Every structure is written in C-alpha cells, then in structure tokens.
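Once you have looked at the hints, place chain B on chain A.
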Amino acid sequence: MKQMDVTVIGGGPAGLAAAISACKNGAATLLVEREARLGGILKQCIHDGFGVVRFGEKLSGPEYAERFIDELEKTDCEVRTLTFVTAVKQRAGGFEVHLVSRDGVETVFSKTLVLATGCRERTAKQVAIHGTRPAGVFTAGTAQHFTNLLGELPTRKCVILGSGDIGLIMARRLTLEGAAVVGVYEAKSTPSGLTRNIHQCLHDYDIPLYLSHTVTRVFGEDRLTAVEVSQVDEHMRPLPGTEEIIDCDALILSVGLIPENELAETLGVELSPATKGPVCDGQMMSMADGIFSCGNALHVNDLVDYVSESGEAAGKYAAIYTGGQRQLLDVACTNDFLYVVPQKLNLSADNSETAVYFRSREIVNDCRLVLQIDGREVFSKKYRFLRPPEMEKLTIDFSKYDLHPDSEICLRLEVARV
Amino acid sequence: MKELTCIVCPRGCTLCITGEGENLQVSGNACKRGEAFAMAEMLRPMRTICTTVRTVFPAAPVLPVRLSQEIPKDRIFDVMQEIKKITLDHAVGRGDVIIENVLGLAADVISESDLLRHIERRDEDGRCAGSDL
Chain A
1 MKQMDVTVIG
11 GGPAGLAAAI
21 SACKNGAATL
31 LVEREARLGG
41 ILKQCIHDGF
51 GVVRFGEKLS
61 GPEYAERFID
71 ELEKTDCEVR
81 TLTFVTAVKQ
91 RAGGFEVHLV
101 SRDGVETVFS
111 KTLVLATGCR
121 ERTAKQVAIH
131 GTRPAGVFTA
141 GTAQHFTNLL
151 GELPTRKCVI
161 LGSGDIGLIM
171 ARRLTLEGAA
181 VVGVYEAKST
191 PSGLTRNIHQ
201 CLHDYDIPLY
211 LSHTVTRVFG
221 EDRLTAVEVS
231 QVDEHMRPLP
241 GTEEIIDCDA
251 LILSVGLIPE
261 NELAETLGVE
271 LSPATKGPVC
281 DGQMMSMADG
291 IFSCGNALHV
301 NDLVDYVSES
311 GEAAGKYAAI
321 YTGGQRQLLD
331 VACTNDFLYV
341 VPQKLNLSAD
351 NSETAVYFRS
361 REIVNDCRLV
371 LQIDGREVFS
381 KKYRFLRPPE
391 MEKLTIDFSK
401 YDLHPDSEIC
411 LRLEVARV
Chain B
1001 MKELTCIVCP
1011 RGCTLCITGE
1021 GENLQVSGNA
1031 CKRGEAFAMA
1041 EMLRPMRTIC
1051 TTVRTVFPAA
1061 PVLPVRLSQE
1071 IPKDRIFDVM
1081 QEIKKITLDH
1091 AVGRGDVIIE
1101 NVLGLAADVI
1111 SESDLLRHIE
1121 RRDEDGRCAG
1131 SDL
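Residue numbers (the working numbering), protein chains in the order written: chain A, 1 to 418; chain B, 1001 to 1133.
Quick caveat, the hints were computed from the structure, so don't treat them as lab data. Predicted model, so just to flag it, every value in this text is computed and none were measured. Where a beta carbon is used, it is the ideal one built from N, C-alpha and C, also for glycine. Any given hint could turn out to be false.
Unchecked claim - Here chain B is said to cover these stretches of chain A; the calculated rule only asks that three of the stretch's residues, wherever they fall, bring their Cβ under 8 Å from a Cβ of chain B:
| hint | region |
| --- | --- |
| 1 | 46-54 |
| 2 | 189-202 |
What the hints assert, rightly or not - Simulated restraints, written as ranges between beta carbons of each label pair:
| hint | chain 1 | residue 1 | chain 2 | residue 2 | range |
| --- | --- | --- | --- | --- | --- |
| 3 | A | Pro240 | B | Ser1068 | 52 to 58 Å |
| 4 | B | Met1001 | A | Ser399 | 43 to 49 Å |
| 5 | A | Ala226 | B | Asp1123 | 32 to 38 Å |
Stated by the list, open to error - For lysine to any residue, the following SDA-like pairs were computed, each having C-alpha atoms within a straight-line distance of at most 25 Å:
| hint | chain 1 | residue 1 | chain 2 | residue 2 |
| --- | --- | --- | --- | --- |
| 6 | A | Lys157 | A | Thr175 |
| 7 | A | Lys58 | B | Arg1054 |
| 8 | B | Lys1073 | A | Gly56 |
| 9 | B | Lys1084 | A | Glu96 |
| 10 | B | Lys1073 | B | Lys1084 |
| 11 | B | Lys1032 | A | Phe55 |
| 12 | A | Lys400 | A | Leu413 |
Same shape as in the complex, but just chain A (with noise of 0.2 Å):
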C-alpha cells in the first residue's frame, strides 16, 4: 500500500495551498481531486477581484488558482485528477483512503489528512416555493458553470433570488451576455453579499434589488414560464395581497453555501451548529486527531485570500502532526458573533499567531472586540462597522496569556451608545 504523509482530499483553493504547504514542510503529499482540473470553483469564477488582500493585485478565478497550479507544479506534489474518494477509514497511526479513478482502485495509507471539500449551494429544495418543477430553476453557480464553461446562456429573462455573492455577479455576467435580469429577490432586510458587488453588479446595470421579497411560487411545465413574488414580514412570512407575476423563463437561486463535510461525517468529526463546518483547534485540526480541515469545507468565506490562508496553515500543521495528546480549551463568544473559527485552543501547541475569523450576527456600527480571559480583558480592537456578510480576521499572540487548562477564554463585542 502506498504510504503517504499527508493527503489533501479537494483541488481547489484551499486544497491547493494545502498541498503546497504540506510539501514545503517536508511531507509526502497527494492531493486528490474528483474533476479533470485543479482550481475547484474558480475554474468558473471568470470575475475579477480575487487576490486583493494576499497579492495586492486584482485577478480573476482562473488567474489565482492557476498562480497556486504554478506553484504545485514545482513541488514533489502527487496530483490525483478525476479521481474519487469513496471511503476514509481510520487505522493505527493513520488513516486508510480508497480511491476510485479510471486506472481502477486503489488504496493508500495517510498519516493524515485535509479536508478541503469546499462547500455547496442551497437548492430549490432547501427553499420553500409553491408550483411546478419545471426546468429552469437553476443555483447561480449552475448557472454560471452553464455560462462560463459550456459557454451556453441558461436564460434570456430570469429573475434572481437571493442576495448572495454569486447570484450578484450571476446577474451581471447574464446581463454582458444579453440576458434580461428582471430583478434580485431578498427575503431578508438587509442584503447578503458585499456592498461593493451590489455597487459594481446591480447599480452598475440598472437591476433592481428588492428587499423583503420572496418567490412563492413557480409556474411553467416543460420550462419555466413565470413566478410569483411577495413582499415577506420581519418573519419573511410572505404577505397576501402583494403577490406580483413575472413573466421569465429562469429562476437563479443565490440562497447560500453550506460546506461539504460527507465524508467528515463518515469518520466521526464534530461539526460546528454555528458554521457548519468541523470544530478546530488553532492548528486546523479538527477535534478528530490528525483530520485537518480548511477553507469553505471548514466555514464558508467571502475572500479566497483567506480559502488559502487556512489551507497553508492545515498543510503545514498536517505536515509536522507528531500526534500526541491535545489540551484543548473553549475558545468562547457571546450572541454577539454568528460564529468565531476556531473554536478551541490546544495548549499543548504554538499559540502565538492564532488565526481568528469570525462574523458578527447583525450590522453593528462604532463596536470594540473585547478578548476577556478569565473575566479580565486582555485585548480589545475598535470597529467602525460589522457586518455579517464580510468576515473579519485577526491574529492574536495568545501565548502571552498564561493560559492554563482552566482558562476561559471570550469574545465579545461592544456597541457605542448614542
């Protein structure tokens, strides 16, 4: 059986600079990826944008994971394509993963592994609509694969619902291409993508946004012929009476990402209520011993500056995993935040440039971050805004804390009172 160090389950952003990383620091690596090319789905990503933060540069999708290709090219990387993990099971010292690929089956032992599976789309079926099923109702990112990779236009008039990241950029891509975008259906009162993306993708274009509203229903039967909008309450219950028909022949759904943790599941991993993802220590290790976890598979991201980020760290932390008993401490947050990554601390590690992200619940204006260890703040940073749909990120030196197994350790976040 071929031994390994390292294995890095998912060829996109995350897992690539997993890969990267786990070689730079002297492991035995193979990344297995299920498509026939690396860059996950940036591959589709054909917008600008990505890279702002780590290479002060703005490029495209394909231009930053092609840079990470580059770069894997150079190292003792063993690449998988168009190869499938259909089974993980834990062994003494490691872990057996068996593959599927067009050469037939194989399995290989791993020390340890990375678990950068992404995320996916919420479906039709995770939003409650009325009517028919008929074709045409695809996620954003469908409909961007059908666009920017086949080069075939899903719609020639659609409306959008939700206000996520990709249904923004969807609606302006379908626009450049001559399609008509009658309008972006949020059901909430805020939007859930970048202000900027609203700025460049909708104002740009004249297309209209619409907070407070929703689909309730589909009409059509072979394809889609119509849907139903109405306005919702603060409870996005839909309100009778202001039920409006719009002729269209899509529905684009931009309702959220979930990350993909099948096969974390299968080997037992806790996953976190709040992200969805596993619940790690500071070193991306899952509370799982040896499963390392990072990128949208660990908590959905609005930056792949940060996809990276985690993926270098979980590499390399894989890479030098020696095993050996954790000491883990809560890292705990008050309602305040949606969510803090990551969620537990192992003293038993370097803790002195821990890597925190977090997402504040609501929109919060002029707050302080307070870091309280033990009741006592040790740490605070001021915020002009908050807002949920921009994760923020800091690095805290928590090992001139004096943290000692029974430390509690807090965020919490306050808001200037008028």
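Okay, now just chain B, sitting in the frame of chain A:
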C-alpha cells in the same frame, strides 16, 4: 453630497463626496485608491470587463478573458460586441493578448487562463479525450 461604495477592494468603504465639478472633496475612504475611485466615479466612471470568447475546441468551448486595464463604463457593451466577434482557433496562454487596443480604448483583451494549453498538452500525451470541464 453623494454617497458611494468603493469597489477597489473588498473592504467596500462608504465614500462621501462633496463639492462640484472638478472641485471635489472625498471622505470616508481608508486609502488613497478610494479617493481616486470617487473622483473617477464622479467625472468619468471606469470599469473592467470579465467575459469569455468562443473557441473551436470541443473540450473548452469558451475561454475566460478580461481587459488589461479599465475602460469608460459607458463603452462596456461596445467592447462586448467586439469580443463576441472572436472565435479562437489556436491555443493561447494566460495573459496572452487576444484583441489589442480594443476600439482604441488602450485596453487589450487578454486570456485569463492556460486552459487551452492544458488541453493541448493533454492531447499530445494521447490521454483520454472528452470534456475538461
């Protein structure tokens, strides 16, 4: 006073613009690029285009392309018309120019990807054909 969202970086600052004509004051920007963006936005908004061109290769029917620099926002659809006229019949690499100085706007249409080179290489290897998507 006019409010804008800066699109230069993901920070997305809210910019406030006061004054008239060429005499504008910008506030709310966290960096210099925000000021330049606000000025351009008031005087002559500039944008880039990211799209695809058709190819003759069945394994990759379209290739992603973008502009090498920004063009006036009101010329976006004119440039799109030019890009739609192209069908690529040869492999190009990432960064290669596909249309030079499109419509005299000083921007080139360039390839975003090595996709076609990848396919060329794979075909030379005699490996399995089929879609690369």
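Cross-check of the supplied hints:
| no. | hint | verdict |
| --- | --- | --- |
| 1 | 46-54 | holds (count 6) |
| 2 | 189-202 | holds (count 6) |
| 3 | A/Pro240 x B/Ser1068: 52 to 58 Å | holds, 53 Å |
| 4 | B/Met1001 x A/Ser399: 43 to 49 Å | holds, 48 Å |
| 5 | A/Ala226 x B/Asp1123: 32 to 38 Å | violated, 45 Å |
| 6 | A/Lys157 x A/Thr175 | holds, 9 Å |
| 7 | A/Lys58 x B/Arg1054 | holds, 24 Å |
| 8 | B/Lys1073 x A/Gly56 | holds, 23 Å |
| 9 | B/Lys1084 x A/Glu96 | violated, 50 Å |
| 10 | B/Lys1073 x B/Lys1084 | holds, 18 Å |
| 11 | B/Lys1032 x A/Phe55 | holds, 18 Å |
| 12 | A/Lys400 x A/Leu413 | holds, 22 Å |
Of the numbered hints stated above, those contradicted by the structure are hints 5, 9, listed in ascending order.
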